[in-house]
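Undergrad: Heads up: the sequence lines are chains P and U, in that order.
Its first residue numbered 1, the first sequence is counted upward by one per residue in this note's numbering.
Its first residue numbered 1, the second sequence is counted upward by one per residue in this note's numbering.
Since the hints were made in silico from the structure, they are not lab data.
Being a predicted model, the structure only gives us computed values, none of them experimental.
Mixed in with the good hints there might be a few duds.
Since the list gives no way to pick out one identical chain from another, each pair is judged satisfied if it fits inside one copy or across any two copies.
[Claimed, not checked] DSSO-like cross-link-like pairs, simulated, lysine-lysine; straight-line CA separation at most 27 Å:
1) K10 / K141
2) K43 / K33
3) K21 / K141
4) K83 / K40
Number of protein chains: 2
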Amino acid sequence: MVLLEERIIKDGKVFPGNILKVDSFLNHQMDVKLLSEMGKEFKNIFSDCGVNRILTIEASGIGIACMTAQFFDCPLLFAKKTKTKNIANSVYKTQVASFTHATTYDVIVSKDFLNPGDKVLIIDDFLAEGNALLGLIDLCKQAGAEVVGCGIAIEKGFQQGRSRVEEAGIRVESLAIIESMEDGKVVFKRN
Amino acid sequence: MVLLEERIIKDGKVFPGNILKVDSFLNHQMDVKLLSEMGKEFKNIFSDCGVNRILTIEASGIGIACMTAQFFDCPLLFAKKTKTKNIANSVYKTQVASFTHATTYDVIVSKDFLNPGDKVLIIDDFLAEGNALLGLIDLCKQAGAEVVGCGIAIEKGFQQGRSRVEEAGIRVESLAIIESMEDGKVVFKRN
Numbered sequence: 001m002v003l004l005e006e007r008i009i010k011d012g013k014v015f016p017g018n019i020l021k022v023d024s025f026l027n028h029q030m031d032v033k034l035l036s037e038m039g040k041e042f043k044n045i046f047s048d049c050g051v052n053r054i055l056t057i058e059a060s061g062i063g064i065a066c067m068t069a070q071f072f073d074c075p076l077l078f079a080k081k082t083k084t085k086n087i088a089n090s091v092y093k094t095q096v097a098s099f100t101h102a103t104t105y106d107v108i109v110s111k112d113f114l115n116p117g118d119k120v121l122i123i124d125d126f127l128a129e130g131n132a133l134l135g136l137i138d139l140c141k142q143a144g145a146e147v148v149g150c151g152i153a154i155e156k157g158f159q160q161g162r163s164r165v166e167e168a169g170i171r172v173e174s175l176a177i178i179e180s181m182e183d184g185k186v187v188f189k190r191n
Numbered sequence: 001m002v003l004l005e006e007r008i009i010k011d012g013k014v015f016p017g018n019i020l021k022v023d024s025f026l027n028h029q030m031d032v033k034l035l036s037e038m039g040k041e042f043k044n045i046f047s048d049c050g051v052n053r054i055l056t057i058e059a060s061g062i063g064i065a066c067m068t069a070q071f072f073d074c075p076l077l078f079a080k081k082t083k084t085k086n087i088a089n090s091v092y093k094t095q096v097a098s099f100t101h102a103t104t105y106d107v108i109v110s111k112d113f114l115n116p117g118d119k120v121l122i123i124d125d126f127l128a129e130g131n132a133l134l135g136l137i138d139l140c141k142q143a144g145a146e147v148v149g150c151g152i153a154i155e156k157g158f159q160q161g162r163s164r165v166e167e168a169g170i171r172v173e174s175l176a177i178i179e180s181m182e183d184g185k186v187v188f189k190r191n
């Protein structure tokens, strides 16, 4: 998506360790016009999949997922991170390892809002190692819901996320795929 | 706002201890159409305030704030909760006590995105004791930004939040104000 790539070039900041900061428009401050255009693009990509629910994970995915849900005219569900030991049996639970924070946390959704037969589109801001997506896919599997695909804003194409999610049989569509970030210069992958 | 009150009556669940669960449409699963109507209402209420930035706190405020930012055609900034001890000096930081989780956490925003002269509308899903709002107001004060008001989805009118925020000189506008929840029956306050 040209609009997003141009914005990453203009306002993204590259730090050592292949860290890309896009907190001026995507995941701290949010440019809602851009997010809306991204939601429209996800609608174009997944228009014929019968999506009846958008699923994301708190917190930075919620904005894009909200905008996307507007175009699909369906509810948005966000999975919650928790460290609480005693989880009610009214939730589906999975574990997600966070590379950034060097920890593992439980991720939950209420059983009330994921059902057998649901056609779920998973939305997130970043795809790197794919741990969050695999966790969300596991929650859907527990519920008997079908994941029609994952819509990602920015994919780090040099990490293993895509191959791990595709190996689980799930379609991945990213609006911007970064091939490399050497010397502070972001290079996008072309199809 | 009649639409929200009707939805609370229809889908809200009251639990002992004055707990109102609205996680089927507001803060776990989100009805984006309803959220959009709420955003439009906030735009009507604060239309002449020169708002150039929406501020909320993760995670459940992000959806409503996103929808509201669409109507104001301005960026949305969400403050992050953190337990990290060593915070960079590139952020404004405040402390917020959580009644629900019986803990205190640091709340931060990047100094890059709150500036002197900004006219900030704070948006959140719930107002009870007002701790989160007072924290967000403090962040704006540190930045020299002006808070034009707080827009709340659901206010627990029998708790101290409104009076504490108004004592700080800040306007509070809530779309639904709950007067009481005795015997599982939600009664709204009428102006």
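Undergrad: Of all the hints numbered above, which does this structure not satisfy? Sort the numbers upward.
TA: Violated hints (numbers, rising): 1, 4; every other hint is consistent with the structure.
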